[in-house]
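Residue numbers (my numbering), protein chains in the order written: chain X, 1 to 40; chain R, 1 to 132.
Careful: at least some of the hints might be erroneous.
Said to hold, decoys possible - Label pairs and their computed distance ranges (CB to CB):
hint, chain 1, residue 1, chain 2, residue 2, range
1, X, 27, R, 32, 25 to 31 Å
2, R, 127, X, 20, 27 to 33 Å
3, R, 56, X, 27, 36 to 42 Å
4, X, 2, R, 9, 25 to 31 Å
5, X, 18, R, 120, 31 to 37 Å
6, R, 32, X, 18, 33 to 39 Å
7, X, 6, R, 83, 27 to 33 Å
What the hints assert, rightly or not - Covered, in the sense of this in silico footprint (three residues per stretch, anywhere, with C-beta under 8 Å from a C-beta of chain X), are these stretches of chain R:
hint, region
8, 3-14
9, 61-70
10, 102-116
Rather than coming from a laboratory, the hints here were simulated on the basis of the structure.
The beta-carbon is built from N, C-alpha and C at its ideal position, and this holds for glycine as well.
For reference, the chains in residue letters:
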Amino acid sequence: MMRLGATVEDFTLLDDRAQPWTLSGQRGRPVLLIFHRHLM
Amino acid sequence: MRDRLDDLADSSIAVVTFAGVERLAAHREHLGLPFSLLADPERTVYRRFGLDRAPLWRVYNPGTLRLYGQLLARGRRLRRPVDDTRQLGGDFVIDAAGRLAAAFRPRSPDDRPPVDDLVAAVRRCRRDEPGS
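Make the full structure from the sequences, and use the hints.
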């Protein structure tokens, strides 16, 4: 399990325009990641 | 969350879903999201952040049922789920240097943190940055 303070391994996911979004591309500002559940 | 976006103006916000890319545009429109919506259909990143599937008894616990009841009372329409209802969500803050600064891994769907807690976690990142 990822620990607080540890460097988060980079990852790339596609966004809603099918464009790659990479965590390392956000370097320089805080990132808030919200993992969604299913839609009701 | 939407009314706190000004507090998060110099942050990057992304919602990760396990829906496929082809469904994201409709998801984004349905949710009215002003920020990135990302597809993780294999749930690789979900697992990397320790977000697993919960047992049914935890998913449909009294707190979750109460939450659904409250949403119904507010006029929210519930749809038959087409996705995995057991997949848990979570919220994480990563600082500007790429380190995990905060982690909220709920044990059930009704256990998500208040938006104020997320905003506070992002603010702590800014405060702790060198030169800030």
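A quick look at each hint next to the structure:
For the pair residue 27 of chain X and residue 32 of chain R, the supplied restraint of 25 to 31 Å holds, since their beta-carbon distance comes to about 28 Å. Range check, residue 127 of chain R to residue 20 of chain X: Cβ separation about 31 Å, and the 27 to 33 Å hint holds. At about 39 Å, the CB distance of residue 56 of chain R to residue 27 of chain X agrees with the hint of 36 to 42 Å. For residue 2 of chain X and residue 9 of chain R, the hinted distance range of 25 to 31 Å is satisfied, since their beta carbons lie about 26 Å from each other.
The hinted window of 31 to 37 Å between residue 18 of chain X and residue 120 of chain R holds, with their beta carbons roughly 34 Å apart. Checked against the hint of 33 to 39 Å, the C-beta distance between residue 32 of chain R and residue 18 of chain X comes to roughly 20 Å, which is inconsistent with it. Separated by about 30 Å at the C-beta atoms, residue 6 of chain X and residue 83 of chain R satisfy the suggested range of 27 to 33 Å. Note: the region 3-14 of chain R has 6 residues with beta-carbon separation from chain X under 8 Å; the three-residue rule is met and the coverage holds.
With a threshold of 8 Å between beta carbons, the proposed coverage of the region 61-70 of chain R by chain X is violated, since 1 of its residues qualify and at least three are required. Beta-carbon proximity to chain X at under 8 Å applies to 3 residues in the region 102-116 of chain R; the threshold of 3 is reached and the given coverage holds.
Checked against the numbered hints above, the structure breaks hints 6, 9 and satisfies the rest.
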